[in-house]
Structure formats: structure tokens, C-alpha cells
Amino acid sequence: MRSQSITIQVKFFASLKESLGVSQTNLTVPVESTVDMLLRKIQDTYGKDSQLIDISSLRVAVNQQMVEFDRVIREDDEIAIFPPITGG
Amino acid sequence: MSSVRVQEEDFSLHDEWQACRDRLAGNAGAVVSFVGLVRERSNTGNVSRLYLEHYPGMTETSIEQIVVKAQQRWSLLDIVVIHRVGELQPEDQIVLVIIASAHRADAFAACEFVMDLLKTEAVFWKKETRDNESVWIESTLEDVSRSQEWQE
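Top line first, the protein sequences correspond to chains A and B.
According to the working numbering, the residues represented by the first sequence are 1 to 88, in order.
According to the working numbering, the residues represented by the second sequence are 1 to 152, in order.
Okay, chain B solo, but in the shape it has when bound (with noise of 0.2 Å):
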């Protein structure tokens, strides 16, 4: 089972989280979640807004094969994933990721790939903007070599 959405309102991780219950009915030995939170220092400066841009459609299919990686990589029995775009500011969620496996070493490491992978693969833009500048960014360095380290 999986679930990918990409939507500009706020998520409830508790309600995912319950929702995520309901469907295994008692099939999971461990549910490991995940929220990213918009940081208000960035490298550069103290952010003030973060946009984020997606492609509809694009995006959702580029998530969706991040999932489906990782779902050839451990065995789980769900993953959902929530991204949030448009307007946020810091403190704001602006991503979630629930995995459930029967143990909790798959949902553990597959949560870590989905969220590296997420940083790298996912068709996303940003633009931050700090002390009255908008600039858009680009991957870090480290996001790309986390991600690569997964490539073995």
C-alpha cells in the first residue's frame, strides 16, 4: 500500500498517522514517521518565506517512484507521503513520511532513503526568501551526496 499527495494545506500527522493504523489492522510490528519542518536559518541567512513550486502530475510521479524504490529495497506494508507546496514559513510542516513494516529496521532505513531521495529526485522548486531577497535554490551538497549513498 502506498500514498502520495502533494497539496498546499497543513497535515495532521496524528490523523495519518491513525489512518495508516486503520489500514493495516494489525498486520505492522512498527510504523516509523517522519515531519520536516521549515528552518528558519538557512546557510545563507534567516529565512522568512520558502515557495515551493511542483509540476502537477510530474511531481506526484516522481515521489511515487521514490516509493515504489523503496518498496523494492525493504519490505514494507505501507508508506505514505505527504509534501506541501506554495507559501510556508518557518516552523511550518512541509513534509511527512509514515512507514510501516513488520520490523522496525525496514521502516527505519526505508523512512531515511524516502526522505533523502525526496531531497534529490523529488520535481520540486525553491525560492527562500531572507532579509527582503528572494532567491531560488538549488540541491546542497550534502542532500546530494546522502542521496548518492544509497546508490551503493
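Only chain A is shown next, with the shape it has when bound in the complex (with noise of 0.2 Å):
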């Protein structure tokens, strides 16, 4: 049922959005995906056919905030994916 999803914008930052190909998308979840859901959702999209995303490797930031993958999305949020910062 389409009210049972939702569609959020997620950004790609740094070699992810080089392997990707792609600064940033939109992608339809079911209502109460977790960050983990939607990661494994970004690999079945764009990694079915390699290695190019290790999940575990990732960070993932909700409203510029960094988050833990069982964090639960909202449609309004505003969802970064990057690996871990290099620093300054």
C-alpha cells in the first residue's frame, strides 16, 4: 500500500558518492525503516553486481547528526551516507 511508504532524499558524500556515481537520490521505504534497512536497500539498488558497498564501512548522519543504523527514519528527515571523516 503506497501509504505505507515514504520517500526520502539521501546525500552521498566523498569515494561512496564516487563509487555510486551519484551526489544524491531519492528512495522509497516502508514507514519505520531504520537506518539499516535503508543502507541495505542503497546496496540492493546500486551494488547487486559488487563489492562496492560494505555497509559496515559506512557512517550515516540524520539532520547532521551521526546516528547508530537502528535509528528509525522519518520523511523528513535529512539523511547523509559517507565514510568515516578523514578530518581537517
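Bear in mind the hints are in silico, worked out from the structure with no lab data behind them.
Please read these numbers as outputs of a predicted model, since none were measured by experiment.
We put the beta carbon where it would ideally sit given N, CA and C, even for glycine.
One or more of the hints may lead you astray.
Stated by the list, open to error - Below, a list of computed lysine-lysine pairs in the DSS-like style, where the Cα atoms sit at most 25 Å apart:
1) Lys11/A to Lys127/B
2) Lys41/A to Lys17/A
3) Lys127/B to Lys17/A
4) Lys11/A to Lys41/A
What the hints assert, rightly or not - In silico negatives: residues of chain A with every beta carbon more than 12 Å from chain B:
5) Gln4
6) Ser15
7) Lys17
8) Leu27
9) Glu32
10) Tyr46
11) Gly47
12) Asn63
13) Met66
14) Asp70
15) Arg74
16) Glu75
17) Glu78
18) Thr86
Hints in hand, dock the two standalone chains.
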């Protein structure tokens, strides 16, 4: 049922952005999805034929705050996925 | 007082130092400044280019959090942090930290602290080009251990 999914915008940075070839995308996921479910969706969408995406090596920020993978996503969340930061 | 800027443009140590002096209006006894440069030699070869990517908004916030930690730890009158992003080359200026305090010990310590934390907690990703190969790099163990030393 349509109403049970949400569409969210996801930003990618650094080596992940290069691997995926996009800096952001819109993805539709079920309501109450967690960050972990979103990562698996991205892996299914972009990484089917390769090992491009090693989920355990990624970091996720929701509304510009680092979050754990069990964080539940909401429709108006700003979500960013990236490799570990290098620092300045 | 504090000011955090993330920008592609170069900066002038003199101009920023003077602006800091003007804001202080005679209250400071010490102004410590640090300028970081892009090195030509890294651990793995000669660097011809360095690219810094950032996350607009989150990167500034991550630096502001470091500034607040410094302000909580030492008695400081002003902190300026300018960090460059985009394409840089060896010898380019990459980061500026200016710290003013009533006494020099606070400014010296806080400047080192801010730099050490910038190297591990500020939201940047770096890509080095060396010998015609571009590689995304990771924090060095030395950077991580210097940053951890401040955590007592």
C-alpha cells in the first residue's frame, strides 16, 4: 500500500559518492524503516553486481547528527551516508 | 567570541589577526595563531594535489563543537577557525586557527587542542593525488592518538 511507504532524499559523500556515481538520490522505503534497512535498499539498488558498498564501513548522519543504524527514518529527515571522516 | 568559516578561497593571516586584534580592543595578553600547509611529502609518496570535500552545515557544526570544547576548557577571549576545501596544492594554506586569551598558556594549549581535534573530529574527507593516482585517505594513527591524549 502506497501510504505505507515514504520517499526520502539521501546524500552521499566522498568515496561512496564516487562509487555510486551520484551525489544524492530519492528512495522509497516502508514507514518505520531503520537506517540499516535503508542501507540494504541502497546496496540492492546500486551494488547488486559488485562489492561497491560495504555497509559496515559506512557512517550515517540524520539531520546532520551521527546516528546508529537502528535509528528510525522519517520523511522529512535529512539523511547523509559517507565513509569515515578523515578530519581536517 | 568565535568565528568558524569553511571556504574554498585562501585567507590572509595578517588580515584575520588584525580583525581579531580590533575585536579584542586591548583585553588580550596573548594571541596565538597557527597556519597549516599542504605538505608535498606524505607517508606514501609525493602529493601533487589534495582535494577536501565537506558536508555544508555539518562540517561547520563539527568545528563549532570543537571550539565550544576549547572554550569550556580554557579561559579564551576569541577563537577564529578558517578551513579551506576543494582543490589544493602543496604549500597552499589549508587551515588557520587564531586564539586570544588574557594569558599565553591558555592560548597556546587551546590552539594545539583545536588543531588536534580538527584532525579527527571535523567532518572532512581528503583525497590525495600522488604519482598520477588519486586515493581517499584515512585519519593517521598519530592524529587519532594525539586527539585521544586530550580526553584524559
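Can you give the numbers of the hints that this structure goes against, from lowest to highest?
-> Numbers 6, 7, 12, 13, 17 and 18, in rising order.
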